[in-house]
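Q: Required output: the full structure, derived from the provided sequences and hints.
The lines below spell out each chain.
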Amino acid sequence: MATWTWFHRLGSPPHVYGFARRWTPWFGGAAAVCMVVALYGGLVLAPEDYQQKDAFRMVYVHAPAAWLSLMIYTTMAVAAAVGLIWRMKVAHAAAAACAPVGAWFTVAALGTGMLWGKPMWGAYWVWDPRLTSELVLLFLYLGYMGLRSGIEDSSKADKASAVLAVVGVINVPIIKFSVEWWNSLHQTPTVMKMGKPTMDTAMLWPLLLMFLAFALYFAAVLLIRLRAELLRRERNASWVREVVS
Amino acid sequence: MKTPALEVARLVAARDLRLAFRKPSQLLQPLMFFMIVATLFPLTLTPEMSRLRDAAPGVLWVGALLSSLLALEFLFRDDAQDGTLEQFALSGQSLTWMLFAKTCVHWMLSGLPLALSAPIAAAMLGVPAAAMWSVVASLALGGFALSLVGAVTAGLTLGARRGGVLLSLLTLPLAVPILVFGAAATGRAISGDDIAGPMYYLGAIAVLGVTLAPLAAAAAVRIGLE
Amino acid sequence: MLSVAGLHLWRGERHVLRGVSFDAAAGECVLLTGRNGAGKTTLLRAIAGLLDPEEGQVNWRERPARSTRDEFHSQLAYLGHEPALKGDLTGCENLRFSVGIRRTVSAGEIDAALVRTGAKDFADRPVRTLSAGQRRRVALAGVMLAGASLWLLDEPTTNLDADGQQLVATLIDEQLARAGIVVAAVHHSMSLARGTVRQLDLGAR
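Residue numbers (numbering that gives the first Met the number 0), protein chains in the order written: chain F, 0 to 244; chain V, 0 to 225; chain E, 0 to 204.
Here are the simulated DSBU-like cross-link-like pairs (lysine-lysine), alpha carbons at most 30 Å apart as the crow flies:
| no. | chain 1 | residue 1 | chain 2 | residue 2 |
| --- | --- | --- | --- | --- |
| 1 | E | Lys119 | V | Lys1 |
| 2 | F | Lys175 | F | Lys117 |
| 3 | F | Lys155 | F | Lys88 |
| 4 | V | Lys22 | E | Lys119 |
| 5 | F | Lys52 | F | Lys117 |
| 6 | F | Lys175 | F | Lys52 |
No lab work stands behind these hints, which were simulated from the structure alone.
A: As structure tokens, then:
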């Protein structure tokens, strides 16, 4: 059946390698274009916010970075689950490739959150539910990468970290819920909402475009890392020798 | 005749209990650790009872969490080292069920004693006597949930180098919801409010844990035995 | 009844099992030979389902062992390199557990098996006080009691005196007479009274 051949090709390292090599420049180029347009839209075109003036523009990097950090964790967990259930090496390689990228996006979300906090609340760190969840998510990423590096045998490391990723992805909504519940208990006088201010269309479209730009960027970087992972894992295979020569 | 499931659970529990009571010092260590941690906070914060009372939920729960991380070491480690964990995997019985039985016994030997002796630490932190039952109940339920989560991470770190540190790094983020709701319950008990809300959430997490954690732990253990 | 086909397994970088295949019918014994590191233990663990081969298939009674895992395991007794016994429990307590989780077994049956393997005298001492040979005798009693059609034995005669080695041969004979199958990793060939004995040399690949 056509769907099964597609699925089988997805599991073949040389085929995926070729696909990644061909498509990386397209994803990268599209990401660059979207990013430039979105930045122009967000930094120049969008009117300043009533309350936060220009400081709100941080949202154009902070929010998409946070969304990506979550999306990448989910992607990683799905890839890991596919690798575990259908025993596909390529899926495990993809999960391994996702982790550092996701971790960096989390760091970016935390960093931009802290930079946003300084002009708004006078403090670099606030226990805002989103920032707190991002911090816990960073620990989840670091734990995943730590488990991978802590197990010598690479196929054992793949499977163990896959179970961890699946357990983690089920926990993420629970963690977010508990952190928001905790935050709502301790409502301080100043409303510590770092979410986007109410937005009109002129402010909204650059945000969504930036999200798309980050997603395309993630795809490009993932494909590059995936190629490196596949080359490393399959280094004794004949197709690698052909590619490298 | 193949042994029925309930009998399997009874045998696993009996074995673990018997083993634990032949090395009783191992049981006391996590408990002593908890007491020491509870003592450190007044030394580092303040001897004023009123301020300690504010910090009490945090101190009790962080102490309980750290102590349970220590206790998790003896869930699988001995069995993995002498090869008896393989017996579980090769018995033809449900590994999920057997690990659930092991986890329950582990809680009875670590989380439950800690909850029952928490009033001592709580009294040192200025917690009023009226709140003690709630403190015990919240720590007992939370400890059970922690044991379940810990079973998964202990299984995952079976084959890893420096498993102890890694175990803590993996378990802490996953324990955040348990800590949040547990500490909230303890905090409300101290100020005399109703603890039903956070206890229900804690209970929901425990139920979710009971259904999913032993499965994940069994998968992790089989991977670790490879 | 047991069929192994084209098993390939890597441990890290090493290609340990290279297309191992063999069949074993009821009453047959397969002896695995080869130098250290040839893959004897790996093959036994792969058949038992403790290791996942990259390629190949293990079939038990015509069905894949992986998909009928629990059923397969209930008909399998595995004796590893180190006898799997808890040091703090006595031999008797160990057997009551390890056999008890598989099938209902009476104290009388356990006693009889311990007498048979010459372990009765020290069966009530904690296992950590026993010598390696004594532990192996307790473990052999466990294999006898498991009621399994397939025995996977990893160097079963290690640490045993001449009597003990004869005991192992006799136990294997009895298993084969019951229409069971034995796959054993050994360093030297064993003289067995009956049953078809085949040798599979893992080094010669």
